[in-house]
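Peer 1: Here is what each chain is made of, one letter per residue.
Protein chains: 4
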Amino acid sequence: MNKALVIGGSRGIGKAIASSLSSIGYDVITTSKQELDTSDLSSVKNFVKNNMEVDILVLNTGGPPAKEFLSISEEEWMKYHNQLFLGFCMILQKIKINDGGYVFLITSSVIKEPNPRLIISSAYRSAFASVFKILSRSYAEKNISFINIAPGLINTDRTKELIDNIEEYQKSLPMKRLGEPKEIGDFVKSIVENKIKYLSGVVISFDGANSNFVF
Amino acid sequence: MNKALVIGGSRGIGKAIASSLSSIGYDVITTSKQELDTSDLSSVKNFVKNNMEVDILVLNTGGPPAKEFLSISEEEWMKYHNQLFLGFCMILQKIKINDGGYVFLITSSVIKEPNPRLIISSAYRSAFASVFKILSRSYAEKNISFINIAPGLINTDRTKELIDNIEEYQKSLPMKRLGEPKEIGDFVKSIVENKIKYLSGVVISFDGANSNFVF
Amino acid sequence: MNKALVIGGSRGIGKAIASSLSSIGYDVITTSKQELDTSDLSSVKNFVKNNMEVDILVLNTGGPPAKEFLSISEEEWMKYHNQLFLGFCMILQKIKINDGGYVFLITSSVIKEPNPRLIISSAYRSAFASVFKILSRSYAEKNISFINIAPGLINTDRTKELIDNIEEYQKSLPMKRLGEPKEIGDFVKSIVENKIKYLSGVVISFDGANSNFVF
Amino acid sequence: MNKALVIGGSRGIGKAIASSLSSIGYDVITTSKQELDTSDLSSVKNFVKNNMEVDILVLNTGGPPAKEFLSISEEEWMKYHNQLFLGFCMILQKIKINDGGYVFLITSSVIKEPNPRLIISSAYRSAFASVFKILSRSYAEKNISFINIAPGLINTDRTKELIDNIEEYQKSLPMKRLGEPKEIGDFVKSIVENKIKYLSGVVISFDGANSNFVF
Chain A
1 MNKALVIGGS RGIGKAIASS LSSIGYDVIT TSKQELDTSD LSSVKNFVKN NMEVDILVLN
61 TGGPPAKEFL SISEEEWMKY HNQLFLGFCM ILQKIKINDG GYVFLITSSV IKEPNPRLII
121 SSAYRSAFAS VFKILSRSYA EKNISFINIA PGLINTDRTK ELIDNIEEYQ KSLPMKRLGE
181 PKEIGDFVKS IVENKIKYLS GVVISFDGAN SNFVF
Chain B
1001 MNKALVIGGS RGIGKAIASS LSSIGYDVIT TSKQELDTSD LSSVKNFVKN NMEVDILVLN
1061 TGGPPAKEFL SISEEEWMKY HNQLFLGFCM ILQKIKINDG GYVFLITSSV IKEPNPRLII
1121 SSAYRSAFAS VFKILSRSYA EKNISFINIA PGLINTDRTK ELIDNIEEYQ KSLPMKRLGE
1181 PKEIGDFVKS IVENKIKYLS GVVISFDGAN SNFVF
Chain C
2001 MNKALVIGGS RGIGKAIASS LSSIGYDVIT TSKQELDTSD LSSVKNFVKN NMEVDILVLN
2061 TGGPPAKEFL SISEEEWMKY HNQLFLGFCM ILQKIKINDG GYVFLITSSV IKEPNPRLII
2121 SSAYRSAFAS VFKILSRSYA EKNISFINIA PGLINTDRTK ELIDNIEEYQ KSLPMKRLGE
2181 PKEIGDFVKS IVENKIKYLS GVVISFDGAN SNFVF
Chain D
3001 MNKALVIGGS RGIGKAIASS LSSIGYDVIT TSKQELDTSD LSSVKNFVKN NMEVDILVLN
3061 TGGPPAKEFL SISEEEWMKY HNQLFLGFCM ILQKIKINDG GYVFLITSSV IKEPNPRLII
3121 SSAYRSAFAS VFKILSRSYA EKNISFINIA PGLINTDRTK ELIDNIEEYQ KSLPMKRLGE
3181 PKEIGDFVKS IVENKIKYLS GVVISFDGAN SNFVF
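From first to last, the protein sequence lines are chains A, B, C and D.
Letter by letter, the first sequence follows residues 1 to 215 of this note's numbering.
Letter by letter, the second sequence follows residues 1001 to 1215 of this note's numbering.
Letter by letter, the third sequence follows residues 2001 to 2215 of this note's numbering.
Letter by letter, the fourth sequence follows residues 3001 to 3215 of this note's numbering.
Rather than coming from a laboratory, the hints here were simulated on the basis of the structure.
There's no promise every hint is true.
[Claimed, not checked] No farther apart than 35 Å at their CA atoms in a straight line, the calculated lysine-lysine pairs in the DSBU-like style are these:
hint, chain 1, residue 1, chain 2, residue 2
1, B, Lys1176, A, Lys195
2, C, Lys2195, B, Lys1142
3, D, Lys3067, A, Lys3
4, A, Lys142, D, Lys3067
[Stated by the list, open to error] Some chain C residues judged to face chain A by a derived CB distance under 10 Å, without partners named:
hint, residue
5, Lys2015
6, Ser2019
7, Met2052
8, Ile2111
9, Asn2212
10, Phe2215
Here the structure is a predicted model, which is why all the values come from computation and not from measurement.
Glycine included, each C-beta is placed from N, C-alpha and C at the ideal position.
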């Protein structure tokens, strides 16, 4: 049975992906923050030491709190550098992806259109997007696809924390609604189920026509 | 029964999409160049006058020949302006997309990384990508998703015309192969079948990790 | 004496560039719309037939009117295709740029962030930006730099036509003001005066920190 | 007398900028790695504690060594995170930029087109480009321009370390040569000298027409 590891798979988008991969017969391991906290490198090292091999890896983590630039402390930069960047690097350095597999990365629309309130997330997710792009090339030879999904506003607990009046806010969006985690889960499932491999090294903005850039 | 119109659906990527939409129960109308030649505006006007309504529209057309900038004549600019840009505009001005529907546009990786040999294609496909982006916003209110798929090198007759020694050429690609039309057909099918709607207003580069830009 | 040709040099940004190039000793020829109307191909053909040679070419033209997509006629598409794209192509096919020279293109921030009201401009300026990028490569061997300047809201008659209450509008901009044509004129002058050649094949967004994309 | 601080100003591009700013009358303070090592946070903290105020700040630093992803250690990630990202954040949190001033950031073409050999640089420079973009908005109100210059291959000691046979390599570049540090120095000088302020929040690729993306 094929194996998938979904980091941050206990809620939100990660949970939806875990659930959709289960529905097509994958043996899905999810980690919650209690089991693997990428902001804590000793947790990461402990996790990767068992030499895991997977067919699908989903790199996903909650975002840092909204903070103004001037108020961000050295400790906070360090912590979220671990959480959003270094932890993922260490995981990719250690976990083996089987030939023909997939690595999905869940970032955010802020990688292309940075957001002042989400400056930490904008910065470190961009950094990891860069690493991810580079790795897509070397893994391509083993027929492993690297797909970076950059969601806009999705209906998760996280979004509810960030936006005060969501009912009102939704009306300002092109589709008059937030995206649903299930849409992303289904998207991932579709790629895998149909063995679509040539989609690799790319960012899939998933934002309900809300971005400003043409490409 | 839901209706799909696939322009340029008689071969290559268009044919693969038509076939995949048929497989999930769509009533698919395809047009070959003989039935609808977007480089000929009278053909376009004739085609759109029957007030068609569709659930899915796939805007797809073959590319112009490889030509050096200095050798392109006024007539050629005009012809391919019609084929790759104006014909599609006139179709979108006239054909009704039903609420909850989809419009897929097949462009090319040259919209982001222009190619000297494909200068006509690079230019006019970029132009239409811009129109397409703008329209994604207004159609979003009707829950219609606009998805621009930008393929890299796909295994079609077109690619065989453009590249001399494909066997050799493939070895230079990250995945050591061209993409298959079926991968794009399956991708389109998956989006539709799973009713993924929040993917809109975006370009999906479909190039086997071959592009240079990070996003 | 070195020669510069500034198309659309009778007002706005073109005039500011013409004036700044004069100030550093260039023999500047400007064309107004009466002398060279790029929307009229016979005007373009007439203009280019004298086999002009220049050291600096500035491709600049006014924008089309704000129009909704559905209301744009075939004739309008054609006219602005000439004005914003084909006329410039024909000029570049015929006018010789001397070795070590410059070609400046004045586009708009809408090439990266298309604007629904300026859909014609967004589309055709994008198309020409693609041609311009491609040509930057071939001209590089002759030490000719191609620089695409993409202004945001600049204090010109054009902007006053497009925006109702400019006083109020300016307050919404990051710098609380429009850009000045002179800033772009000075920018062009500086590049030329300092013989900066390695800046080529790039888009210089000139928008007072108003764009959303990171790059 | 106006004051400029050029970090990493003892050689290469930093030195050229320092020299060009001196030539137009700025009181230029440069720091070498011995005086301010952004990879060492105690060095940064020591440096910023004197509450410096400047009119122009140039954020510039050497790049990390070329390393394969799998061989990068935790300590190396941490060190270069400091050098290319966190040190600069701490400097911007503490040093006051006078109203009407400038902040220049020297990054690299790898922020848009990541390079496998320069994966550390690609990642952390991208991250800081994101912070820089966000800050350009808030500083705009004080008429302070933020300009990110992303050089391609420039004729510096660094480039000589990275490329084996530069003579041969240059022939593969569109301009058949590396860029000169002086071109970037002159570019910075021109912006400042002409008080061009509306150029802000943007990336200036400075790569001799060598990039692949259109924008």
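Peer 1: Each hint: holds or not?
Peer 2: Hints and how they fare:
{"no.": "1", "hint": "Lys1176/B - Lys195/A", "in the structure": "holds, 17 Å"}
{"no.": "2", "hint": "Lys2195/C - Lys1142/B", "in the structure": "violated, 53 Å"}
{"no.": "3", "hint": "Lys3067/D - Lys3/A", "in the structure": "holds, 31 Å"}
{"no.": "4", "hint": "Lys142/A - Lys3067/D", "in the structure": "holds, 21 Å"}
{"no.": "5", "hint": "Lys2015", "in the structure": "violated, 29 Å"}
{"no.": "6", "hint": "Ser2019", "in the structure": "violated, 33 Å"}
{"no.": "7", "hint": "Met2052", "in the structure": "violated, 34 Å"}
{"no.": "8", "hint": "Ile2111", "in the structure": "holds, 8 Å"}
{"no.": "9", "hint": "Asn2212", "in the structure": "holds, 4 Å"}
{"no.": "10", "hint": "Phe2215", "in the structure": "holds, 9 Å"}
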